[in-house]
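Colleague: One-letter residues, chain by chain:
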Amino acid sequence: MIATLIVVPILAAVLLLLLPRRAEGTAKWIGVAISFLAFFATIGLAGAPDESVRWLQRPFTANFHVGLGHGLSYWIVLLLTLSTGCALMATNVPRRRDFVAQMLFLLGAMAGVFLARDLVLFALFWDLMLIPVFFILLGWGPERSNSAWRYLLYNVTGGVALLLAVAAYGVLEGSTDLIGASLGHGASVVGNGWGLWIFAGFAFAFAIKTPVWPFHTWMPATYVDLPAPAVAVVSAVQSKAGLYGFIAIVLPLLPEQVQAAAGIMFVLGLVALVYGAVVALVQDDAKSIVAYSSLSHLGLIVLGIFSGNALALGGAAVYVIAHGLFSAGLFLAIDQFETREGSRSLKRLGGLGARNPKLAGGLTIVALAALGLPGLCGFAGEILILTGLYASGNVWPAVIALVPIVLAAAYMLRLFQDVMQGPEVADVPQRPDLTLLELLALAPLVVAIVLLGVNPGPVAGSANVQSAVSLVQGTR
Amino acid sequence: MIFALWLLPFAGALAIWAFGPQLKRLAGALGAATVLTSFAIALALAGQTFTGRGVKAPLVSWAQGFSFGLLLDPLSLLWVFVITGVGGLIHVYSIGYMSGDRAFARFFAYMNFFVFAMLTLVLSDNFVGLLVGWGLVGLASYFLIGFWFFKPSAVAAARKAFVINVVGDIGLMFGIFVLFAATHTTTYAGVFAKAGSLAPLTVTLACFGLFVACAAKSAQLPLHTWLPDAMEGPTPVSALIHAATMVTAGVYLIARCAPLWDVSPEARALVGTIGALTALTGAVLGCVQWDIKRILAYSTMSQIGYMIMGVGVGAYQAGILHFYTHAFFKATLFLGAGILIHALHDEQDVRKMGGLARRQPFAFWAMTVGTLAIIGFPGLSGFFSKDAVIYGTLEHGYPLLYAIGMVTAGITAYYMCRMLFVTFFGSYRGDVPSAQLGVAASTNPPVAHEAPSGHEGAHAPAWLMQVPVALLMIPSVIAGYVWFGSRDGPLAYGGPGSLWFGYFTTNFATRAEAVQAAVPEWLSTVLVLALVGIGAFVAYRRYAASAASANAVERLRAESLTAWRPLTRALYFDDAIELVFVRPASAIGAAFARVVDPQVLDGAVRDVAWLAGWLGREMRALQTGLVRGYALVVVLGVAGFLVYFAWFGTVR
Amino acid sequence: MSPMPVDVLNYVLLSAVMFFIGVGGVILRRNPLIVLMAIELMFNAANLALIAFSRVYENNAGHIFAFLVITVAAAEAAIGLAIVVVVFRRAKHVDVDDVAGLHG
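Chains A, B and C, in that order, are what the protein sequence lines are.
Numbering follows the working numbering, with no gaps: position 432 of the first sequence is 466.
Numbering follows the working numbering, with no gaps: position 158 of the second sequence is 168.
Numbering follows the working numbering, with no gaps: position 91 of the third sequence is 891.
Since the hints were derived computationally from the structure, they do not count as laboratory data.
Check before you lean on any hint, since a few could be wrong.
[Unchecked claim] So, partial list: chain A residues that the calculated Cβ filter (under 10 Å) puts toward chain B: (1) R184; (2) L186; (3) H250; (4) V352; (5) L402; (6) G406; (7) F413; (8) L420; (9) V429; (10) A432; (11) G456; (12) G491; (13) A494.
Idealized CB from N, CA, C, for every residue including glycine.
Only chain A is shown next, with the shape it has when bound in the complex:
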C-alpha cells in the first residue's frame, strides 16, 4: 500500500498526457484530488509495516524496500502532499495539463525519496526528482535563462557523488537496505579510511541539494525562474531531501564521520545563516528575499543536525517541516500578488493591503512564521535547535545564530510592508482580493503553521530522530 503513494502519482502523470490538451481544468482538479488523496492516505497509513521486494543480490543486496512509520518520513510526506495540493489548487499557469503531469511526477518521485528504505532506491528517486523540475524550468521558466541547466548540472553532480557513495557503501557493507527501520543497525563496518570518503560523497550531494553555503548559487536563480506552484513544492520539500538525508542516512550510518566533520559543517551552517540573512536584507525581488532567507534558515537546520543533541535534532525535524510550510506559503502568496499586479518588486509595489486585506492577512501569517514569531512553527524549531545547541556546549554557534533572527525580522517586515503597506502606488492597478479558491489554497498551510507552532511535540519526538541521536551520542 505504501508503494501506491509513489506509483499512483507517477502513473497519473503519464495518464494525464492522454487527456486532450485543452482539458486544463480537468487536469488541474485531477492533480489536486490525487495530492489530497495521497495526503489522507498517508495519514491512514501512519505506522503501516514496511514493504520490501528483493531486487539485487550482486554486487550487494538491494531491495525495493519502502516504509512510512511515524517518523520524519511520515511528516515530510504529509508536507509534500499537502503543499503539492495547495500549490496546484490555485494555479493558472499556461499549458496546465502538461504542468500538472510534471508536478504529479515530481510528487511521486519525491515520495519515493522519502519513503525509500534502501540506499540504491533512495539514490534512484533522488535523480528522478530532478527531471520534472528541469523540464518545468525549461518549459515554464523565462526564456533565455540558463537556470534549468544550472539546476541540472549542480544537482546531477551531487547525484553522481551520492551514487558513488551508495555504491562504495554497498560494496563494503554488503547491503544497502539500511534506512529507517534498520536504524538500530549501526554495526557499521565502514572503516575510517573509506568512511570519510563515503561521508564526503553523501555530504556533497546533500549540501548541494539543501543547499548549504557555498553550494547555493543555483538556488536563487532556480527559485526566481520556477513558476509559483513548482517553487512552492521545490523549496518546501525538495530542499528538505538533503536535510532528510543527513538525518536519516548520514547520522545513523556514519556517526564517527559526523563527529569528525561537525566542525566544518558548523562553520558552513553558520556562514549560510548569516550570509543568507544579510543578502536577503538588500534584495528587491520578493522571491529572491525568500530564496536567500531559505539559505539562512536551512543553515540553522544544519547546525541542529550536527550538534549531536537530542533537543536540537528534534528542533531540526520541526524546522524542516516548519520551513516547508512557510516557504510554500510565502511563494504562493507572492505569486498571488505577482499575478495580480504583474510585478513582485518591492520598489514597484506598495499599499496593496488596503484593497487586498485577505491576501495581506495570509502573507502576514506566513511571513511571521518565517521570521520566527513565537507561537508559530518557525519559532518552535528555532528555540529547540538553539537551546539544544547551547546546552550541548556549542555556546558561540548558538549566540551567533541569534543575530540572523533579528535580520529575519527586518527583511520579512520589509517584504511585507513594502508590498502591502504604505500609501497606494498610483500606477499599479489595485485588483480584487483573493477569491475563495485562492484563499482555500493558502488556508491549509496557515492552519498547519499554527498547529505546528502550538504543539511541535509529535514532530520533535519522531522515532527516527530519537534513535539517530542515541546513535550519535553512543559514540562519544
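Since chain A is already given, all that's left is putting chains B and C on it; use the hints.
Modeller: Relative to chain A, chains B and C alone:
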C-alpha cells in the same frame, strides 16, 4: 476557569476578525465585553490565588524540559487585573474614540489580540511560554502602531518597534539557553528551585539576557528609541500598550525572576543603573518635546526607568507598586490627551493648544489629576509609589541611584507641569500660524481618521469616552494607599492594603543585606517634595505666570528655535543605531549579493567549467577520425598489457 | 574418446598467427571489404582458440561461446557491409581513411 480567562479575549479577537464587516459597531462592544468578562473571572479566581500556591493548568509538552502550563499566582494576578481592568476601560473608551474610523472592527480585533497576548505573557508558568507571550505582544504592538498603515511614518515606526523588540526576544532566548543548559528545565518552579546552587557567572549571564529583553520591551537605554515613535498608533493604543501594560512587561519579568536577581549583585547593579539612567534621560528628553503624546511617551519611559530601578536593586514591592499606580494615572493622562486630540481634529502639538481649561474642562481635570499623581503630589498614588522606589534604592545600598532618582523627580515635575500649563493655560493658539509658533512645517500631515472629519453627528456620545477616564481617575488618586500594610511600608501589617497588596508581595523575601539607610524616610520624602516643588515652580514661572502668558507665542517660538540640538535629536541614539547597525548590515548584504555570489562562488564554478572546456580543446587533436589509427592504438594497448603481464607475472 | 593426436599448443599458435594476420589486415589495408574480412579472420582465430581449449578442459562452454561469436560475426558482417554500401553510394568510392568525419 483560568482557560476562559485566558482565551476569551482571543475568541473575541477571532470573532471580530472573521465577522468584522457583519458586526459593524458591535465589534467594539464585543471586544470590551470579552475583556471585562475576563476581568470578572480574574476577580472570581482571586480567592483561590490567595489561599493556595496559585491556580495551575497544564497545557502541552514539546520535548523533555519544554512543558507548558498556566499559572495564576498573586504576582500574575496583579498584572491580570491591570490588563483586563484598565484594558477593558480603554476598550470602552475606544468605542468612542475610534467611532469615525473605517477600520473600526480591525482595531478591536487587534486590541483583543493584544490582551490575549499579554495574558499569555503573565499567565505562563515557564520561560518559553513567557517568550511566546513576549513575542505576541510585540506583534500586537506592531499591528497597532502601524494601524494606519497608509502613513509611511506609521509603517516605519511599526517596523522599528518590531525589530527592536526582536532584539529583546533574542535576549530572552539567550537567557533561556543559559538557564536550560544549567537546570534542564524551563519552568519557573524548576529553575528557581535551583537558583541558589547555580554558578554566579551563569546567573549573571542569564540575568543579562533577560534584561536585554526587558530593555527592549520596557524602552530602557539604549533600546528605547522605538517608544516615542510608537505614538504613531491611535491614542487608546498608546494608553493601553505603550503606557499601562506591555511596556511594563520588563518589570514583571524581573519581579518574576527575583530569585535570580537575588543571587546576582552584578545584575542588580546593572539593572538599577540602566533604570536610573533611563529615568533621567526620559525626563530630560521630555522637557523639549512639543507633541503631547511624545511628552507622555518620554514620561512613560522615565517612569518605567523608575520601576526597573526599583525591581532591579531589589526593592520589588516598590517597583511593582509603581507599576500598579502608573497604570492608572498614565492611562488617565493618555486618555485625557486623547479627548483633546479628538476634539481638536488630530492636533497633537501643544504649541497649537493653550487655554483649553475652559473649552475642555473634563479633559483638564483628568489631566490635572494625572499630572499631580505622576509628579508625586502628596496623597495621590504616585506620591507613595515613587517615594517607595526612590527610598528603596537607598535602603538596598545604592546612594548614587538614589540621587539620580531624586533629581529625576524634580525634572518630572517640571516637564509634566510644562505640558499642563502650555496646554490648558493662557489663551488658545490653534489659529496662530505654525511659523509664528516655531512649529516646523514638515511635520507629518495627520491623516488619522479616514472618515471625513466634521461629521459631528456620527460621533459616539461623549460619555463613552468620559466614563472610563473618570473611572481611572479614582484609582489614580487612591491606589497608593495599598502601600500601607504591605510588609515594609510605613504602617506595616494591618493597614488597608494588607489584604491584597501585602499578600501579593509576601512572595518576595526581603533580602538580609538590605542596609540601614543613612537618611530617615520622612526626611527623604521632604527632600523629594522640595525638588518636585522647585520643578513645578520653574514650570509655572516659565509657562503660566501672567508675564509668560502675555507673550506666550513669542516665548514658545524662541524656545522652539533655540532648543539645544542634541536634546531635540534625542541624544543621537537613532543616528547611532543607524550608523552602527543598519548601514553596515545593508552594505555587507549588498557586497555579498553583488560580489561574493556572482563573482567568487559562481566564479569558482565557472572556473571548473572552463577547465573542462580547456581540456577538451587540448585533447581534440588526438581524435583524428582515422579508423586504422584507432585500431593501431588498440593493438598497441593490448600489446602493452601483454608485456606488462609477461614482466610482472599474473593478474593477482 | 581417444587422446588428442595434436598438441594444443599447435592450435594456439595457429590461432595467434591468424589473429595477427587479421590485425595486420585491419591496420594496413584501406579497402573496407578487406578490413571486414580481416576482422572475420580475428573472430575465427578466437573461435579456434575457444574450441581448442574446450577440448582440453572437456568443458562445453567454449563451444557455446564459439557459436555466440559466429552469430556476432555474422551480424557484424551484415552491418559492416551495409555501412560500406551506404558510404559507397555517397562517395562513389570506398577508402576507410576518407571516412574520417569524427575527427576532432
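Colleague: Each hint needs a verdict: does it hold in this structure or not?
Modeller: Status of each hint after checking the structure:
{"no.": "1", "hint": "R184", "result": "holds (9 Å)"}
{"no.": "2", "hint": "L186", "result": "violated (13 Å)"}
{"no.": "3", "hint": "H250", "result": "holds (8 Å)"}
{"no.": "4", "hint": "V352", "result": "holds (8 Å)"}
{"no.": "5", "hint": "L402", "result": "holds (7 Å)"}
{"no.": "6", "hint": "G406", "result": "holds (8 Å)"}
{"no.": "7", "hint": "F413", "result": "holds (7 Å)"}
{"no.": "8", "hint": "L420", "result": "holds (6 Å)"}
{"no.": "9", "hint": "V429", "result": "holds (8 Å)"}
{"no.": "10", "hint": "A432", "result": "holds (6 Å)"}
{"no.": "11", "hint": "G456", "result": "holds (5 Å)"}
{"no.": "12", "hint": "G491", "result": "holds (5 Å)"}
{"no.": "13", "hint": "A494", "result": "holds (5 Å)"}
Violated hint: 2 only; the structure is consistent with all others.
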